[in-house]
Amino acid sequence: MRTYIRRLKNCGLQSGYIGTTAFKGVIPTKIFLCIWPTDPNIKNRAYFSIRKIAGNNIFVLQTTVEHRGHYVLKFDKTANIFDSEGFFWTAAKGHNFQIETKDIENNQVFFCCDHINKNRFFLDMLQVISAENHNEDVSLVDYLQKTFNVRDKNTYGFAIYLQVDFKRDKIQFGNSCEEVYRFVSPRFFLGDINISALLYEYNKDYQAQTNSTTVDPKVIEQTHSDVGKVDSIETRQSVRDVLKNCISSFLNEKHQQQLNDDDYTCLVEDILENLSKVYHEN
Amino acid sequence: MKIKKILQPSCDHFYTKLELFSLSENWRSYDISSAENKLLIKAFNTIKSQHPFLYYHSLYHLLSCPFCVEKEYQILSERSHSKLWYLADKHPGEYLDLVRQAQTNENKDLRWYYFYLLYKNLAIKRGTVLFLWVHGNNISQQTCQRRAAGTTDNLPPNMAIPSQFIGGKNMSLHFEWDSITQELYMSLRGGSAKLRLAIVVHVSFFSGEQQTFSGKEIAVGGVWTIEANRAKNICRIDFIYNTED
Numbered sequence: 001m002r003t004y005i006r007r008l009k010n011c012g013l014q015s016g017y018i019g020t021t022a023f024k025g026v027i028p029t030k031i032f033l034c035i036w037p038t039d040p041n042i043k044n045r046a047y048f049s050i051r052k053i054a055g056n057n058i059f060v061l062q063t064t065v066e067h068r069g070h071y072v073l074k075f076d077k078t079a080n081i082f083d084s085e086g087f088f089w090t091a092a093k094g095h096n097f098q099i100e101t102k103d104i105e106n107n108q109v110f111f112c113c114d115h116i117n118k119n120r121f122f123l124d125m126l127q128v129i130s131a132e133n134h135n136e137d138v139s140l141v142d143y144l145q146k147t148f149n150v151r152d153k154n155t156y157g158f159a160i161y162l163q164v165d166f167k168r169d170k171i172q173f174g175n176s177c178e179e180v181y182r183f184v185s186p187r188f189f190l191g192d193i194n195i196s197a198l199l200y201e202y203n204k205d206y207q208a209q210t211n212s213t214t215v216d217p218k219v220i221e222q223t224h225s226d227v228g229k230v231d232s233i234e235t236r237q238s239v240r241d242v243l244k245n246c247i248s249s250f251l252n253e254k255h256q257q258q259l260n261d262d263d264y265t266c267l268v269e270d271i272l273e274n275l276s277k278v279y280h281e282n
Numbered sequence: 283m284k285i286k287k288i289l290q291p292s293c294d295h296f297y298t299k300l301e302l303f304s305l306s307e308n309w310r311s312y313d314i315s316s317a318e319n320k321l322l323i324k325a326f327n328t329i330k331s332q333h334p335f336l337y338y339h340s341l342y343h344l345l346s347c348p349f350c351v352e353k354e355y356q357i358l359s360e361r362s363h364s365k366l367w368y369l370a371d372k373h374p375g376e377y378l379d380l381v382r383q384a385q386t387n388e389n390k391d392l393r394w395y396y397f398y399l400l401y402k403n404l405a406i407k408r409g410t411v412l413f414l415w416v417h418g419n420n421i422s423q424q425t426c427q428r429r430a431a432g433t434t435d436n437l438p439p440n441m442a443i444p445s446q447f448i449g450g451k452n453m454s455l456h457f458e459w460d461s462i463t464q465e466l467y468m469s470l471r472g473g474s475a476k477l478r479l480a481i482v483v484h485v486s487f488f489s490g491e492q493q494t495f496s497g498k499e500i501a502v503g504g505v506w507t508i509e510a511n512r513a514k515n516i517c518r519i520d521f522i523y524n525t526e527d
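Protein chains in written order, with the numbering used here: chain L, 1 to 282; chain P, 283 to 527.
Honestly, the hints are just simulated from the structure, not real lab data.
A few of these clues could be false.
[As the list claims (entries may be wrong)] Simulated pairs of lysine-lysine, BS3-like, Cα-Cα distance not exceeding 27 Å: (1) Lys407/P to Lys277/L; (2) Lys324/P to Lys372/P; (3) Lys244/L to Lys284/P; (4) Lys277/L to Lys320/P; (5) Lys353/P to Lys254/L.
[Claimed, not checked] Okay, the calculated bits of chain L under chain P, using three or more residues with CB under 8 Å as the criterion: (6) 237 to 244; (7) 260 to 272.
Where a beta carbon is used, it is the ideal one built from N, C-alpha and C, also for glycine.
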């Protein structure tokens, strides 16, 4: 069986509370907390959305199993240590990755992550938090100090990952078939059990405390002005060129002919082929 | 064929497919002339009609796969309904309430629009009917396949009603097509008039509509009639036995 791990949806600790009740009918086998220091002065910070937490800021890490198999992971703030020590908490931008189960067991996990520091930090920083082993609340400060030796005044990034077992399955519509991985999950009659590929949900029920949250405007700007591959001026120009060229060579070739379905199919194929070259997907 | 290779439903060729759907579904504007645009629309319509499953399944993947959606979150997430996975995993009879919601909202909300578009082009073409046998709190579900490949008729000639849902009696539900009018005659065989009186059948259609037939109407014999254009679009049949106790 293959296991996919995926990070929970982006969540900044803006109110000091993150709840995830993601798992309707899905049972996570492991929960991972990943923490890494980030230097606020270097360029890699652009990958994160950084939020400063003011006020009462110890994060108590709780993993509780709710009835019906819903797992809840909570961060509650109860003191103000991090703020006075100058800690910032960040949520990394989403990245997808996959690993084999045996990799997890051997603790040789690495993250296919674009983060600049991936080789340096992620491997060291990954820790498995098993739901069973934490019956008592653990102060995140204690946890961090023991596990990661994070005593220094620094800026840290974190992410929470959940491991869920998947099985291979097929989605078939007519003559079109797709192989997918799905949650291993019971299915009930007419029940609303989500066995979709949607791996996470984000509990938006918490109340954001606007007065205790400050956001570094520079970082926000960098995060949001990150122009995607599709939207860059060069790409738009290349795509336009592909369309123009394909159409004009099509019209030259088929000049004054009666066009049939096959001709149109050829045009689309030509466009697809050239577009895939623009994106290096051929 | 290149088109089958590139347009397959998967995470491969993500950006190429994204451009294709952006063009054909009009997700972004391309700086081309209206004549060029017209030609492209014609070409894409040809693809849609020649490879309907390929086209819509690929679109389905792009909008329902969280890995793809996250890659170009802005464009895709506002078209990605969180219940899209129903189309692949559930029988339409299980979510007809959503279909009705989609119909009401398809012009107001892109998520509903694509839910309904993909429903029409993918989900309802599977051509099976969902049967629900209901007696009090007992519910059982049964899906029947088409009689034969290539037929438009997706109903079996008769369905034996599981006896535990009708108080241990023997009864079956029969379907017969009128060869001239193409109307569908639905009838009950076996069972007493008393048993029939306690039966209600709800027939739901892929359009989300529902029609109710009461056992009272055919307690002493006769058939229920479903009009031709509806009869071909039966999605779900709820067979309910209401006992007094």
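Consistency of the hints with the structure:
{"no.": "1", "hint": "Lys407/P to Lys277/L", "in the structure": "violated (34 Å)"}
{"no.": "2", "hint": "Lys324/P to Lys372/P", "in the structure": "violated (33 Å)"}
{"no.": "3", "hint": "Lys244/L to Lys284/P", "in the structure": "holds (20 Å)"}
{"no.": "4", "hint": "Lys277/L to Lys320/P", "in the structure": "holds (24 Å)"}
{"no.": "5", "hint": "Lys353/P to Lys254/L", "in the structure": "violated (37 Å)"}
{"no.": "6", "hint": "237 to 244", "in the structure": "holds (count 4)"}
{"no.": "7", "hint": "260 to 272", "in the structure": "holds (count 8)"}
The structure shown violates the earlier hints numbered 1, 2, 5.
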